[in-house]
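Student: Sequence:
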Amino acid sequence: MLQEIDFSNKKRVVIKIGSNSLLHEDTQKIDYLKIEKLIREIVDLRNRGIDVCLVSSGAIAVGRNSAFYNDDVSTNAKMQALASIGQARLVSIYQNIFREYNQEAGQVLMTKNTITNNVSRKNAQNTFEALFEMGVVPIVNENDTVSTFEIQFGDNDTLSALVAYLIKADLLILLTDIDGLYTANPRSHEDAEFVPYIDNIDEVMDMGSESTGSDVGTGGMATKLIAGKIATLSGADMVIANSDDLSIIHKIIEGDFKGSVFRSNFDEYFDVLGYIEDNYNY
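Residues in the sequence shown are numbered consecutively from 786, following my numbering.
Keep in mind that the hints are not guaranteed to be accurate.
Heads up, simulated PhoX-like pairs for lysine-lysine below, C-alpha to C-alpha not over 25 Å straight-line [as the list claims (entries may be wrong)]:
1. K796 <-> K814
2. K814 <-> K863
3. K1036 <-> K953
4. K1043 <-> K819
5. K863 <-> K907
6. K1043 <-> K795
7. K1036 <-> K796
8. K822 <-> K1043
9. K907 <-> K796
10. K907 <-> K795
11. K796 <-> K1043
12. K795 <-> K822
13. K953 <-> K814
14. K1036 <-> K795
15. K953 <-> K795
16. K796 <-> K953
17. K1036 <-> K863
To be clear, the hints were calculated from the coordinates, so they are not data collected in a lab.
Given the sequences, and given the hints that come with them, work out the whole structure.
Tutor: As structure tokens, then:
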């Protein structure tokens, strides 16, 4: 499906992948083939001359698998403990496979303070720019061991938009387990209609009131629309697309894919930090 925006000229892309997209559905074990396909797609974008930043959830789920921990994880302390195990494991998997394609990747862990503190934000921007200059792919996650931003904000959707804002990306791709935005949850509403193109994010914000997230991740459509508001008003186009076939990544760049496209509506007066502070307690 040819979209109304030409993505072939994008120079800096943030790709966010959720927990559910990294695991086998039946066993909840790591899907190595899918991770390798994701990395091949990212390396191909790098070979096209595009800066790519990967925002990856999954630390808690991977930690749970690595520690063979099947008990209750309803408390933040337990989730943070599992994240401390899983984050190291997940990044190790990413780096090992990236190196098979002669591509280096680096880890960037962020907290709320990274964004809201002027000094920390500038330091983070400098780090990202240095990584891009060195040809490295930053792999970003929230620092779950000391913060609960991801747990409260939903599977890194909002964090990925904040990263897009921070590094001045011109495209944010949210990979999830649904084709894009629907007028209602398609899993429970047979009459739900797919929305392929969104010119103004404010016109669809109420469509995220009913979650469409999986049991593995913590995000639903509401968090993706919040991400859309931050990204588009910060100057980036955004696409929500299905991660079942990760070739969707290069298809987006080539302009022939199924997904929901949110057009950039840059607003120089949009206060990203104020928007986060006013709407969320974390």
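Student: Indicate, hint by hint, whether the structure satisfies it.
Tutor: Hints versus structure:
no.	hint	result
1	K796 <-> K814	violated (34 Å)
2	K814 <-> K863	holds (19 Å)
3	K1036 <-> K953	holds (22 Å)
4	K1043 <-> K819	holds (19 Å)
5	K863 <-> K907	violated (32 Å)
6	K1043 <-> K795	holds (18 Å)
7	K1036 <-> K796	holds (16 Å)
8	K822 <-> K1043	holds (19 Å)
9	K907 <-> K796	holds (21 Å)
10	K907 <-> K795	holds (24 Å)
11	K796 <-> K1043	holds (22 Å)
12	K795 <-> K822	holds (21 Å)
13	K953 <-> K814	violated (34 Å)
14	K1036 <-> K795	holds (13 Å)
15	K953 <-> K795	holds (12 Å)
16	K796 <-> K953	holds (10 Å)
17	K1036 <-> K863	violated (39 Å)
The earlier numbered hints that this structure contradicts are 1, 5, 13, 17.
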